[in-house]
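Undergrad: Here are the chains, one letter per residue:
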Amino acid sequence: MKLETLKSIISKKKNKSEFAIVTNLSTGESEIFEKNKPFSKELEKYSVQINNFFKSKKNGVIEGTEIFIETYIRPIKVIIVGAVHIAQYLTDFAKSLNFEISIIDPRGYFASKQRFPDMNIINKWPDEAFDEIETNENTALIALTHDPKIDDPALQHALNKKFYYIGALGSKKTHTNRCERLKEAGFSDEQINSIHGPIGIKLGGKSAPEIALSIIAQLVSETYKK
Amino acid sequence: MKNSFDEKILEEAYDWVKAEQKVVLATVIQTWGSSPRQTGSRMIVNEQGDFSGSVSGGCVESAVVRECIGLIKDNKPCKKIEFKVSNESAWEVGLACGGEIAVYLEQINQ
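Chains as they are written, first to last, in my numbering: chain W, 1 to 226; chain P, 1001 to 1110.
Pairs of lysine to any residue, SDA-like flavour, derived with a Cα cap of 25 angstroms:
hint	chain 1	residue 1	chain 2	residue 2
1	W	LYS2	P	GLN1048
2	W	LYS226	P	PRO1036
3	W	LYS13	P	GLU1020
4	P	LYS1080	W	GLU4
5	W	LYS57	P	THR1031
6	W	LYS95	P	ASP1050
7	W	LYS2	P	LYS1022
8	P	LYS1008	P	ILE1081
9	W	LYS14	P	GLN1038
10	W	LYS57	P	SER1034
11	W	LYS2	P	GLY1070
12	W	LYS7	P	LYS1079
13	W	LYS95	P	THR1039
14	P	LYS1008	W	VAL61
15	P	LYS1008	W	ILE32
16	P	LYS1022	P	GLN1048
17	W	LYS45	P	THR1039
18	P	LYS1008	W	GLN218
19	P	LYS1073	W	SER30
20	W	LYS58	P	PHE1005
21	W	LYS2	P	GLY1049
22	W	LYS225	P	THR1039
23	P	LYS1080	W	VAL61
24	P	LYS1008	W	GLN88
25	W	LYS13	P	SER1054
26	W	LYS161	W	SER17
27	W	LYS7	P	LYS1076
28	W	LYS55	P	ASP1006
29	P	LYS1018	W	ILE32
30	P	LYS1084	W	VAL61
31	W	LYS77	P	ASP1006
32	W	LYS14	W	GLU31
33	W	LYS2	P	GLU1082
34	W	LYS14	P	GLU1011
35	W	LYS2	P	ASP1015
36	W	LYS7	P	GLU1011
37	P	LYS1008	W	SER214
38	W	LYS77	P	GLU1012
39	W	LYS7	P	ILE1072
Worth flagging that the hints you see were computed from the coordinates, not collected in a lab.
Note that the structure is predicted; figures quoted are calculated from it, not measured.
Same shape as in the complex, but just chain W:
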């Protein structure tokens, strides 16, 4: 692989683009494939197969050829509401996972750069913050403040936009109260039951890193069910 190709792969990953690396195994030549980018002369005859790999997000060798395709998918957007202690461990655990994390917290002393270096922190109320982030059914929400003023608007946004994963921290009692408020706000039982609350898979731990681990485990598991 040429150093130039390596550099441009790294920058495309950084920019969260969707692309594929196509390598001719007999020559060692690689090129980058992107949607709507014209094929090089050499690859034109494999355009159908390359597009199939790209669409199904799979890696592999085109049968009967020496062409290898490696696809890169856009990271999954994860919104954390509450720049709390658990969020610090969550961002640590997520470092080697393909998640793009944004943290929302209107409380400035929580949402500080010093507490979350190199993170996208939005120091606003959820309603305003969601104006800045594009969200859809491929987005996940982790609500951690257990303060209805902050969590509820975020949960409502996530339910309306049909996020594939919605988790909310809090005891069973906190969650029951939360469900009642959402019911009053007009959400259906089906919508409300889709919220993972209390959040996380049962590991038994109670400390911040242990809760963060249980949340990340649930998030990864739900991501593969998608």
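Since chain W is already given, all that's left is putting chain P on it; use the hints.
TA: For chain P alone, coordinates are given in the frame of chain W:
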């Protein structure tokens, strides 16, 4: 496939290149049967034999390192190697899981 992992091996490869090391990328390009790592899994190797990442569960990495050093020494751009089930009676390199993998080695050229 919904990849939720990102191992940052290519980023590490670039760091090694910047530190003026010769680097070979080793990528799993095909698998048959039950293989420990999926297609696209990577490791990097430098001329000293330092390596990072993986192409199996530790079964064939030592052989991959040897092959990568050979590639640098012979100054060849690329090579494809295949690994099959190990023979339990010998100390040879192979996959205990009964799978087969093809690994592609390529030098990063300046």
